[in-house]
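Protein chains: 2
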Amino acid sequence: MKKFFLVFLIAIFTLSINAQDSQKAKYVFLFIGDGMGLVHINATEAYRAALKDKIGIDKLNFTKFPNLAVATTYAADRYITDSAAAGTALATGNKTAVETISMDYTRTKKLKSIAQMAKEKGMKVGIITTVNMNDATPAVFYAHQPERSMLKEIAQELLTSNFDFFGGGGLKGIKNTSEFLTKGGYKYIDTKKGFKSVSSKDQKVYVSCPIRDESEACRYSIDQTSDDITLSDITKKGIEVLDNSNGFFMMVEGGKIDWAAHVNDAGAVIKDVEAFDKAITEAVSFYNKHPKETLIIVTADHETGGFTLGYAEMKYNSAFKKLKNQKISLAVMDKKIDEYKKTHTADQAKLEDLLPFIKKNFGLGLKGLELNEWEIKSLENSLKIEMMNKDSKANYGKVSEPLSSTISIILDQKAGLAWTTFSHTGVPVMVFAKGQGSELFKSYIDNTDIPKNIMQIAGLK
Amino acid sequence: MKKFFLVFLIAIFTLSINAQDSQKAKYVFLFIGDGMGLVHINATEAYRAALKDKIGIDKLNFTKFPNLAVATTYAADRYITDSAAAGTALATGNKTAVETISMDYTRTKKLKSIAQMAKEKGMKVGIITTVNMNDATPAVFYAHQPERSMLKEIAQELLTSNFDFFGGGGLKGIKNTSEFLTKGGYKYIDTKKGFKSVSSKDQKVYVSCPIRDESEACRYSIDQTSDDITLSDITKKGIEVLDNSNGFFMMVEGGKIDWAAHVNDAGAVIKDVEAFDKAITEAVSFYNKHPKETLIIVTADHETGGFTLGYAEMKYNSAFKKLKNQKISLAVMDKKIDEYKKTHTADQAKLEDLLPFIKKNFGLGLKGLELNEWEIKSLENSLKIEMMNKDSKANYGKVSEPLSSTISIILDQKAGLAWTTFSHTGVPVMVFAKGQGSELFKSYIDNTDIPKNIMQIAGLK
Numbered sequence: 533m534k535k536f537f538l539v540f541l542i543a544i545f546t547l548s549i550n551a552q553d554s555q556k557a558k559y560v561f562l563f564i565g566d567g568m569g570l571v572h573i574n575a576t577e578a579y580r581a582a583l584k585d586k587i588g589i590d591k592l593n594f595t596k597f598p599n600l601a602v603a604t605t606y607a608a609d610r611y612i613t614d615s616a617a618a619g620t621a622l623a624t625g626n627k628t629a630v631e632t633i634s635m636d637y638t639r640t641k642k643l644k645s646i647a648q649m650a651k652e653k654g655m656k657v658g659i660i661t662t663v664n665m666n667d668a669t670p671a672v673f674y675a676h677q678p679e680r681s682m683l684k685e686i687a688q689e690l691l692t693s694n695f696d697f698f699g700g701g702g703l704k705g706i707k708n709t710s711e712f713l714t715k716g717g718y719k720y721i722d723t724k725k726g727f728k729s730v731s732s733k734d735q736k737v738y739v740s741c742p743i744r745d746e747s748e749a750c751r752y753s754i755d756q757t758s759d760d761i762t763l764s765d766i767t768k769k770g771i772e773v774l775d776n777s778n779g780f781f782m783m784v785e786g787g788k789i790d791w792a793a794h795v796n797d798a799g800a801v802i803k804d805v806e807a808f809d810k811a812i813t814e815a816v817s818f819y820n821k822h823p824k825e826t827l828i829i830v831t832a833d834h835e836t837g838g839f840t841l842g843y844a845e846m847k848y849n850s851a852f853k854k855l856k857n858q859k860i861s862l863a864v865m866d867k868k869i870d871e872y873k874k875t876h877t878a879d880q881a882k883l884e885d886l887l888p889f890i891k892k893n894f895g896l897g898l899k900g901l902e903l904n905e906w907e908i909k910s911l912e913n914s915l916k917i918e919m920m921n922k923d924s925k926a927n928y929g930k931v932s933e934p935l936s937s938t939i940s941i942i943l944d945q946k947a948g949l950a951w952t953t954f955s956h957t958g959v960p961v962m963v964f965a966k967g968q969g970s971e972l973f974k975s976y977i978d979n980t981d982i983p984k985n986i987m988q989i990a991g992l993k
Numbered sequence: 533m534k535k536f537f538l539v540f541l542i543a544i545f546t547l548s549i550n551a552q553d554s555q556k557a558k559y560v561f562l563f564i565g566d567g568m569g570l571v572h573i574n575a576t577e578a579y580r581a582a583l584k585d586k587i588g589i590d591k592l593n594f595t596k597f598p599n600l601a602v603a604t605t606y607a608a609d610r611y612i613t614d615s616a617a618a619g620t621a622l623a624t625g626n627k628t629a630v631e632t633i634s635m636d637y638t639r640t641k642k643l644k645s646i647a648q649m650a651k652e653k654g655m656k657v658g659i660i661t662t663v664n665m666n667d668a669t670p671a672v673f674y675a676h677q678p679e680r681s682m683l684k685e686i687a688q689e690l691l692t693s694n695f696d697f698f699g700g701g702g703l704k705g706i707k708n709t710s711e712f713l714t715k716g717g718y719k720y721i722d723t724k725k726g727f728k729s730v731s732s733k734d735q736k737v738y739v740s741c742p743i744r745d746e747s748e749a750c751r752y753s754i755d756q757t758s759d760d761i762t763l764s765d766i767t768k769k770g771i772e773v774l775d776n777s778n779g780f781f782m783m784v785e786g787g788k789i790d791w792a793a794h795v796n797d798a799g800a801v802i803k804d805v806e807a808f809d810k811a812i813t814e815a816v817s818f819y820n821k822h823p824k825e826t827l828i829i830v831t832a833d834h835e836t837g838g839f840t841l842g843y844a845e846m847k848y849n850s851a852f853k854k855l856k857n858q859k860i861s862l863a864v865m866d867k868k869i870d871e872y873k874k875t876h877t878a879d880q881a882k883l884e885d886l887l888p889f890i891k892k893n894f895g896l897g898l899k900g901l902e903l904n905e906w907e908i909k910s911l912e913n914s915l916k917i918e919m920m921n922k923d924s925k926a927n928y929g930k931v932s933e934p935l936s937s938t939i940s941i942i943l944d945q946k947a948g949l950a951w952t953t954f955s956h957t958g959v960p961v962m963v964f965a966k967g968q969g970s971e972l973f974k975s976y977i978d979n980t981d982i983p984k985n986i987m988q989i990a991g992l993k
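Chains as they are written, first to last, in this note's numbering: chain A, 533 to 993; chain B, 533 to 993.
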């Protein structure tokens with residue numbers, strides 16, 4: 533009888549453990565829209581509605597998620613954070629100093645990321661980004677360095693991460709990415725044809741956008757053609773490679789949302805938010821097949837630009853549809869200006885030379901987008917400053933060209949949108965959650981609570 | 533036997549009804565921070581932490597609530613709403629045209645408010661605001677008018693509302709408020725002594741702030757002394773009057789948050805958000821006594837000002853503590869300027885005359901708040917414009933005085949805060965919820981969903 537009772541107790545115990553386990557998320561997606569504040573999301577939705585001549589919003593897929601939290605983003609040493617400190621918070625659940633890659637604020641202690649915890653647990657891991665793979669946001673998931681600028685050291689840690697899938701941008705500061713990765717044990721692919729052939733049979737694979745800029749980032753969505761691979765393509769491929777019976781953790785960064793916001797380029801922001809949303813629908817498709825085992829989180833590391841749906845001179849009016857006239861990113865406009873600078877002296881430079889290009893690609897001068905005297909003067913002045921400046925692009929994808937900035941600011945303001953800074957802000961960010969355990973995401977939380985919840989839901993740590 | 537079965541059925545039916553009823557919220561608080569965006573909240577919290585020399589936030593009480601949603605605010609006819617259309621959405625669950633007080637967008641059909649539904653159900657109703665009681669936000673709960681400017685018609689509807697408690701601002705556009713209300717069957721009190729004597733024995737009572745401005749609004753919290761009554765005082769008194777066994781509905785508006793944001797006065801915004809939070813603690817105290825029967829919602833009708841925690845020239849830096857130097861609202865600064873204009877001609881006017889007052893009350897010129905050449909020039913120029921303008925204050929509490937605006941903008945920017953407009957914006961607002969049924973408030977919703985949820989939770993309609 534005593535023995536029977538013991539067996540009974542063990543049985544109950546086992547059952548309760550199994551019951552707990554069956555409630556854990558086996559497949560975890562963490563989507564980070566870099567710099568994507570509430571306004572970046574809402575402006576995209578308002579623009580989509582405006583295209584249909586509707587007042588209101590045309591919802592993105594991730595904003596339909598059933599659960600939502602709002603998270604503060606401040607770093608240990610500065611209220612306005614950067615992608616390194618905010619990424620460390622999202623990857624490890626710890627506040628740290630700005631510029632720091634998954635180390636504590638004294639920069640002496642390494643902090644384990646949820647991606648590394650997942651790997652240790654036997655799950656597969658994938659890291660995807662539209663910018664360079666050794667940029668801060670992807671780096672915090674596999675590297676530990678006191679400075680985000682230590683690009684080579686970060687890339688070296690990628691090799692030893694043993695993660696299963698890397699996709700998107702290349703490695704900045706590495707002379708021969710292909711050789712570096714191949715020697716390090718990764719299969720490297722950066723052609724569209726090669727991309728298509730990657731399959732679930734591949735292990736330790738690194739797929740790169742076939743077209744990348746000088747920073748090794750993929751192109752802005754607004755500039756992409758059928759020659760590019762999209763964030764959605766990469767996410768779908770990543771799921772294919774990672775899907776296995778032990779589960780997986782996947783981080784997907786919409787990194788160019790931040791870069792577009794740094795130059796106050798609303799048109800490019802909107803297209804990259806839409807591309808980010810499309811990538812999320814790949815995760816939702818996977819969720820639909822495994823609803824009880826999948827968790828999807830969509831958040832941001834910080835807000836960039838102090839972006840707002842209202843501009844003083846427009847008062848209570850908006851005209852979001854005007855952004856439809858923008859055909860290219862400011863990065864492409866910059867290239868045009870660089871060419872012009874090579875063939876013209878400061879004395880020769882005339883705004884009229886560039887106005888047809890500006891009209892064609894940003895709509896300025898078209899009906900409803902007429903340029904007033906003050907705006908013409910602003911453009912002329914910025915061209916003058918432009919011609920005095922021999923340098924072209926600043927680093928970090930930030931446009932130094934005053935003419936591009938002026939074009940964008942004029943167009944955005946005519947659409948009823950405004951910005952307060954070219955930097956990040958301290959504005960808290962949204963957290964949208966769907967799937968197993970997602971009800972933990974509610975109320976007004978801190979960014980460090982996000983990975984803590986994920987650890988609990990996925991049984992990590 | 534048949535008879536016994538019938539009795540049994542009735543008993544079961546009654547039990548199930550009671551079970552449903554016991555899950556309904558009997559006491560409903562709806563707090564509306566007019567113009568209070570996420571940044572107005574977060575800036576207040578960041579400022580409070582900065583006062584303690586901490587980087588981060590010192591949480592307000594309502595941001596600790598367990599449930600949260602984010603709500604879009606657009607009107608039927610304009611993306612950027614106003615307090616009339618947004619208020620109608622919050623009070624009735626219907627989108628309408630801007631300027632409209634609880635009527636549909638054709639302005640022909642009256643829309644019943646949740647306050648009126650509560651009254652019909654036998655609950656007591658209280659309406660509280662820091663601005664005039666016939667302003668749009670309070671009006672939408674008791675009146676139905678095609679234009680928010682129809683102040684007399686709105687006030688007339690207040691008399692026939694039969695609501696139990698009105699508190700805060702006076703009635704704008706009514707010659708003798710006391711006579712108007714007394715004849716209309718309301719006990720009217722506008723002294724501090726009288727206020728203290730109001731008790732649960734009073735029925736149909738209207739208490740007004742003893743000190744009100746030309747718009748019949750209570751003073752900004754930053755300007756209040758012990759001669760004033762606070763929003764918290766009024767809320768506490770309202771609970772005392774309304775508390776009864778049939779339950780109550782109470783709407784409390786922090787109206788001056790919007791007015792301060794319209795003039796981009798961060799110092800006044802913060803003090804009014806704190807006063808609003810303090811009023812909410814009165815509801816939380818009541819909740820603690822009736823946790824299963826009380827629902828508290830804290831939201832906003834729209835964002836005002838395009839307020840952001842980051843300013844271009846400050847780049848990644850913030851210095852929130854500098855706002856501590858602000859001692860008065862811009863409304864009081866305006867009065868000082870008006871006095872100056874009466875005693876000086878345009879030729880006589882010198883910035884130096886006003887600088888000591890500006891230094892004393894906004895800190896400009898103190899260590900850490902030194903004025904640079906460009907800032908001095910801005911102040912001088914705005915004084916010049918000031919002196920050409922014979923008019924003083926614009927209506928709607930909006931400062932027309934360019935000098936006040938310039939002072940505020942300089943101080944806010946030095947603190948690392950920025951604004952994009954003097955109008956409302958289309959930025960979605962927060963919804964914090966606590967108590968019975970509050971778990972319905974989650975995800976990304978529309979402002980019309982808020983009263984729909986309340987109707988369901990409180991069993992209205």
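Don't read these hints as lab results, they were simulated from the structure. Wrong hints could be hidden among the right ones.
The list cannot tell twin chains apart, which means a pair is met if one copy fits it or any two copies do.
[What the hints assert, rightly or not] In the DSSO-like style, the derived pairs of lysine-lysine whose C-alpha atoms are separated by at most 30 Å in a straight line are: (1) K768 with K824; (2) K916 with K591; (3) K847 with K641; (4) K591 with K867.
Hints, verified against the model:
1. K768 with K824: This pair counts as within: shortest intra-copy Cα distance 20 Å, inter-copy 46 Å.
2. K916 with K591: Neither: 42 Å inside a copy, 48 Å across copies.
3. K847 with K641: between (51 Å within a copy, 29 Å between copies)
4. K591 with K867: neither (34 Å within a copy, 47 Å between copies)
The structure fails hints 2 and 4 (numbered hints given earlier, in ascending order).
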